[in-house]
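Protein sequences, first through last, are from chains V, R, E and W.
Per numbering that gives the first Met the number 0, the first sequence runs over residues 0 to 351.
Per numbering that gives the first Met the number 0, the second sequence runs over residues 0 to 351.
Per numbering that gives the first Met the number 0, the third sequence runs over residues 0 to 351.
Per numbering that gives the first Met the number 0, the fourth sequence runs over residues 0 to 351.
No wet-lab data here; the hints were simulated from the structure.
Do not take every clue at face value.
Copies of the same chain look alike in the list, so a pair counts if it fits in one copy or across any two.
[As the list claims (entries may be wrong)] Distance condition first, Cα-Cα at most 20 Å in a straight line; then the derived DMTMM-like pairs of lysine to aspartate or glutamate:
1. K207 - E114
2. K207 - E259
3. K54 - D292
4. K54 - E301
5. K348 - E72
6. K64 - E91
7. K54 - E289
Chain by chain, the residues run as shown.
Protein chains: 4
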Amino acid sequence: MTSSGKLKVGILGATGTVGQRFVQLLADHPWFDIAELAASDRSAGQPYERACRWKLSTPMPARVKSLIVKPPEPELACDLVFSSLPSSVAGEIEAAFARAGYPVISNSSNHRLDEDVPLLIPEINADHIEIIPVQQRRRGYDRGFLVTNPNCSTIALALALAPLHQTFGLRAVMVTTMQALSGAGYPGVASLDIVDNVIPYIKNEEEKIQTEPLKIFGALTDDRFVPASFQISAQCHRVNVSDGHLEAVSVKLERPATREEIIETFRQFTSPIEELRLPSAPSRPVILKEEEDRPQPRLDRELAAGMAAVVGRVRACPILDYKFLVLGHNTIRGAAGAAILNAELLKAKGYL
Amino acid sequence: MTSSGKLKVGILGATGTVGQRFVQLLADHPWFDIAELAASDRSAGQPYERACRWKLSTPMPARVKSLIVKPPEPELACDLVFSSLPSSVAGEIEAAFARAGYPVISNSSNHRLDEDVPLLIPEINADHIEIIPVQQRRRGYDRGFLVTNPNCSTIALALALAPLHQTFGLRAVMVTTMQALSGAGYPGVASLDIVDNVIPYIKNEEEKIQTEPLKIFGALTDDRFVPASFQISAQCHRVNVSDGHLEAVSVKLERPATREEIIETFRQFTSPIEELRLPSAPSRPVILKEEEDRPQPRLDRELAAGMAAVVGRVRACPILDYKFLVLGHNTIRGAAGAAILNAELLKAKGYL
Amino acid sequence: MTSSGKLKVGILGATGTVGQRFVQLLADHPWFDIAELAASDRSAGQPYERACRWKLSTPMPARVKSLIVKPPEPELACDLVFSSLPSSVAGEIEAAFARAGYPVISNSSNHRLDEDVPLLIPEINADHIEIIPVQQRRRGYDRGFLVTNPNCSTIALALALAPLHQTFGLRAVMVTTMQALSGAGYPGVASLDIVDNVIPYIKNEEEKIQTEPLKIFGALTDDRFVPASFQISAQCHRVNVSDGHLEAVSVKLERPATREEIIETFRQFTSPIEELRLPSAPSRPVILKEEEDRPQPRLDRELAAGMAAVVGRVRACPILDYKFLVLGHNTIRGAAGAAILNAELLKAKGYL
Amino acid sequence: MTSSGKLKVGILGATGTVGQRFVQLLADHPWFDIAELAASDRSAGQPYERACRWKLSTPMPARVKSLIVKPPEPELACDLVFSSLPSSVAGEIEAAFARAGYPVISNSSNHRLDEDVPLLIPEINADHIEIIPVQQRRRGYDRGFLVTNPNCSTIALALALAPLHQTFGLRAVMVTTMQALSGAGYPGVASLDIVDNVIPYIKNEEEKIQTEPLKIFGALTDDRFVPASFQISAQCHRVNVSDGHLEAVSVKLERPATREEIIETFRQFTSPIEELRLPSAPSRPVILKEEEDRPQPRLDRELAAGMAAVVGRVRACPILDYKFLVLGHNTIRGAAGAAILNAELLKAKGYL
């Protein structure tokens with residue numbers, strides 16, 4: 000803990016696209032203080048300013064410029080770590096940190112579906128953190144543990160589904176995504192591949208979207224997760240947009256609902272953890288746009304500081320029940336911001 | 000008819016995005032010769048070279064440069080007219096031409112759903128042209144008549160559905176489109192609206208896609224069209240692509256099929272009108288790409304000179320039966336090329 | 000004046016691209032309060048929320064949503080007006096407002112070169128406001144007057160030239176611009192014209208850039224402006240960028256300078272009006288980037304809240320003396336922000 | 000030589016962006032036949048269809064699909080090689096091929112400025128091939144030799160300068176480039192770096208443009224090149240365009256000329272090697288567009304099959320003498336097409 004009473008945090012994968020968002024969003028955080036930056040690439044040993052090709056349109060925070068990037072090994076001087084390591088290495092490194100006593104708040108996909116790791120969206124399944132003692136017991140962790148947030152497309156989708164799931168129940172969800180370039184990291188998508196083009200394939204993405212929501216909306220019962228039972232079908236595309244995943248959704252509900260009820264349900268939805276006043280929690284997790292041509296990535300991705308799911312165009316579906324759009328900022332609510340909100344929940348609940 | 004035995008054609012709406020494609024595609028046509036250019040805007044009276052802001056990457060054909068653009072009134076010296084007039088005026092003008100004895104081959108939406116007008120895709124419903132004598136009788140037309148082609152998104156979708164409809168039957172079709180800018184004409188979409196963005200709304204487009212295929216796949220029985228009975232649900236988006244509509248499709252079939260059967264059905268599909276050897280007919284109306292990330296607009300829209308539907312990524316759908324992609328060149332097969340192919344069918348069948 | 004002591008301002012052309020920036024930048028201004036919105040288009044009579052297709056990524060300020068858009072006639076209840084009217088109407092309307100007693104702070108081009116109207120960049124020629132009493136006397140204006148800011152490309156260029164002009168003198172300036180889409184207003188550039196393209200022509204732009212700096216860097220002597228005498232040559236292009244004009248500049252100086260001196264001159268340059276502490280003035284009007292590949296529009300246009308000229312890549316020119324880049328946010332420092340800064344100067348100097 | 004009398008050619012670097020253009024342009028060449036494909040990456044040993052991620056919008060030619068990609072070693076069964084190897088390896092490999100008896104027609108930069116290697120643009124300095132015997136003698140090459148073509152930006156610039164140089168003489172050339180993404184190869188520029196952006200830096204590019212034209216326009220005298228003596232200053236930028244480098248040029252001439260004379264000189268310019276009827280030579284090496292907003296990359300890059308320099312907007316320059324634009328297709332006339340034309344010249348002149 001710092002002298003100001005903040006928790007000292009480390010960022011694993013600090014030089015990547017999501018790592019930079021962590022740095023940006025944590026630069027003035029009221030509860031957390033960036034103490035350590037680590038990366039698995041060849042940047043270890045250099046000051047962050049030199050190690051990192053900063054790609055955000057706000058300047059690199061002055062405080063982190065001279066921090067020396069370290070290798071991602073569990074010898075960092077911090078109270079917890081955020082991880083956006085590439086999935087090729089995240090699995091083992093994150094487990095090593097947890098074993099060494101660090102709470103690991105991960106954006107990587109490796110442990111998301113582990114049976115004793117929460118796949119956490121605080122507004123939806125905050126109670127899933129109660130698996131943590133089970134996880135620690137099973138794995139022989141002492142203070143350390145693993146908590147994950149979902150895939151960037153899943154988070155926005157799940158936030159939009161939450162009020163429907165809660166009020167009407169879900170039977171089936173069809174989703175077609177139009178995903179932003181930043182979701183592929185840096186250098187990521189080659190410009191020649193996307194200029195005047197759409198790429199209709201993102202590796203493993205459809206599988207993640209078809210799986211993760213079932214754990215998120217599942218119940219934690221008798222120390223295990225019982226997945227939700229609705230069906231999901233996803234089709235994923237990369238479009239020429241810098242930030243902001245747009246998703247065209249169609250849902251079949253358990254119980255009948257009018258269009259007005261759907262709209263009212265989106266409008267009324269508030270976060271069940273509102274009273275915790277988490278610093279990064281949006282005042283409304285779902286924002287309903289009423290214009291006929293919204294949400295749009297460039298115009299709406301920054302709403303609620305990029306932490307809300309922006310919904311629009313609710314209308315009847317001739318095959319399932321209702322169609323609508325949802326937009327989420329993929330590197331904020333879909334990645335770094337999601338992990339930070341998870342850490343805030345854990346802090347508020349006494350896990351940190 | 001010209002001295003070379005070609006039919007003289009007029010183009011209504013010749014200065015627009017689709018009008019320019021008509022001019023480009025008809026410049027060296029073996030059966031048709033551009034004799035008249037007409038436009039409803041203020042360009043009438045000027046030579047085409049001056050009246051038209053040519054936006055295609057092949058040069059304006061030399062022959063048409065000095066043609067004087069005329070008002071779209073039925074006093075043109077030609078054997079038939081192609082129309083890509085804006086829908087605000089197309090309805091009446093096209094009817095006036097038909098009444099005055101001109102076969103009208105239209106790309107406009109106004110008469111598509113008229114009960115006595117063919118909504119024609121030669122590879123699917125060539126027999127629908129048999130409604131023409133009925134149309135002429137009912138409307139009191141002499142030599143003239145109206146024939147339409149479907150909406151740009153509908154054509155590519157319908158071509159891809161054709162082999163499935165024929166072999167397995169269709170119960171339901173969900174489609175999410177990512178449509179090109181040229182579909183909105185010129186000036187069309189403002190650049191500020193699409194840079195770093197997706198626009199999730201195209202006026203009337205979802206309605207057209209949900210309606211037109213039912214007429215196309217319907218039967219002509221006792222001088223009337225009996226629509227097909229499957230369900231269609233469409234979600235339409237404009238993306239930052241110049242040409243080529245990409246569509247993510249999921250279908251429920253009447254009869255069970257394996258993935259291999261679906262693929263084989265796409266591969267085997269040949270045009271029932273192949274033996275007519277129409278000059279603009281693609282040798283295969285459906286092209287199956289096998290790469291995991293295709294079709295892509297920039298790489299595949301020019302296949303088969305832009306006249307085929309390019310299909311890819313066939314895979315099981317957890318909710319309906321199968322998912323796949325289809326791409327079509329929206330101003331060629333989706334507009335001007337479709338109308339020209341329709342005219343070729345009519346010529347081959349003795350209607351011109 | 001409002002009860003809080005702020006000046007009440009009207010915005011002429013409030014629904015356009017620059018008008019929206021005025022609304023955004025004035026929403027929380029410490030000295031000015033938006034009291035009136037006017038537009039010359041058909042939006043008059045409607046509440047702003049309905050009249051305006053808001054295109055900025057921050058939401059429309061709540062306070063202005065219900066303001067009724069008025070016709071741009073000098074009956075507005077405000078202490079001064081900002082104008083971003085289209086140049087087709089700005090000339091007469093602005094003069095009418097000035098005649099009716101309103102200070103008019105204009106971004107339009109019509110009066111920029113009038114011999115008694117300041118073409119103002121506070122950091123460069125703040126003393127030019129002393130022409131105002133002359134203007135009022137000559138034109139018979141009472142309280143009203145006209146003040147203009149330069150063209151969007153000129154402002155960034157002039158700010159970058161200012162330290163060089165002041166320290167070494169200027170003989171010749173060659174500039175090639177790569178200008179953003181928002182500079183053309185809305186709908187402005189058609190998306191089909193700019194996708195995968197550059198448009199090497201912007202009407203009247205080269206003339207403005209070749210003329211305006213001479214007045215800006217000129218002297219106000221004996222109640223008239225004596226233009227500066229260096230040569231300027233401009234080549235203007237539109238590129239596929241939403242905001243931020245990038246300009247490649249080469250200069251010939253009056254007096255010799257080393258590269259290090261040039262760089263130091265950029266670094267040391269401070270605003271001569273710094274002590275006025277104008278709310279919108281950037282702490283440094285010129286920001287020097289040292290990376291070899293900066294400034295870049297997307298990464299650097301928001302520096303200093305979009306109010307600075309961002310300079311980079313200073314290097315010797317084999318033909319003139321030195322080459323460098325300058326980037327300016329065209330709708331902030333290049334338009335609305337420039338006018339607001341002008342108004343702040345006028346207020347600080349007692350003209351409002 | 001093949002049975003059809005064509006020369007058998009190998010392509011070094013066949014899987015890259017320029018390598019693919021070589022394959023595309025040579026697929027139906029009347030004089031050359033693709034016999035060997037080689038690449039320095041890990042693709043050797045695989046059939047070309049598998050080794051190469053084909054990125055052109057025309058399909059991969061059927062004939063080359065099954066050709067096995069070989070390592071770039073001088074054991075290829077062919078009469079000459081084209082090279083688009085990366086400059087990190089091209090220098091030594093190309094020399095090894097020349098030493099082993101292969102004529103090497105290279106697009107790589109390594110040997111361009113070697114004092115005994117032609118930097119060839121057939122329409123400008125066809126006589127420079129006479130250095131070849133000198134090169135062979137000096138280097139001890141037997142049949143083999145090295146010939147290079149200039150950098151992609153240089154070629155279009157040089158073609159546009161040629162008529163001016165010939166008629167009026169050149170004193171100084173300022174050029175600002177807006178270069179296409181394909182110039183950086185594949186994957187090349189990251190999409191996140193160019194979306195809504197311009198990158199004002201291309202490594203070594205300004206140096207190449209400032210140097211290469213002097214050799215091109217130089218004289219071959221007494222077995223050595225005497226460079227031309229005018230000054231060149233270049234500023235280079237990457238813009239969001241797939242193909243086609245646009246360059247804004249200003250020139251100072253040796254002898255006075257009116258604008259009409261400049262225009263007429265562009266119009267009259269014909270290739271001095273026209274009578275050789277080289278298959279890839281454009282009928283006019285310089286095409287003058289007269290519209291006020293041309294040339295544009297997307298609309299004009301395919302003119303003359305991408306083999307011409309397209310010039311436009313000739314106007315007086317207040318600092319030097321005249322300003323104009325030039326556009327060239329960077330992977331056709333600026334790379335693969337340039338090398339092929341060089342090979343055609345060598346064949347016509349008996350060097351192959």
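Status of the hints after comparison with the structure:
Taking CA atoms no more than 20 Å apart as the test, K207 paired with E114 passes inside one copy only; the shortest distance there is 16 Å, against 47 Å between copies. Proximity of K207 to E259 under the C-alpha cut-off of 20 Å is found in neither arrangement, the shortest distances being 31 Å within a copy and 25 Å between copies. Taking the closest pair of Cα atoms, K54 and D292 come within 20 Å of each other only across two copies (12 Å); inside a single copy the shortest separation is 30 Å, beyond that limit. For the identical chains of this complex, K54 and E301 are neighbours both inside a copy (17 Å) and across copies (13 Å), given an alpha-carbon limit of 20 Å.
Taking the closest pair of Cα atoms, K348 and E72 never come within 20 Å of each other, the shortest separation being 27 Å inside a single copy and 60 Å across copies. Within a single copy, K64 and E91 get their C-alpha atoms no closer than 28 Å, and across copies no closer than 41 Å, so neither meets the 20 Å cut-off. In this assembly of identical chains, K54 and E289 lie within 20 Å of each other by CA distance solely across copies; the values are 15 Å between and 33 Å within a copy.
When the structure is compared with the earlier hints, violations turn up for hints 2, 5 and 6 and for no others.
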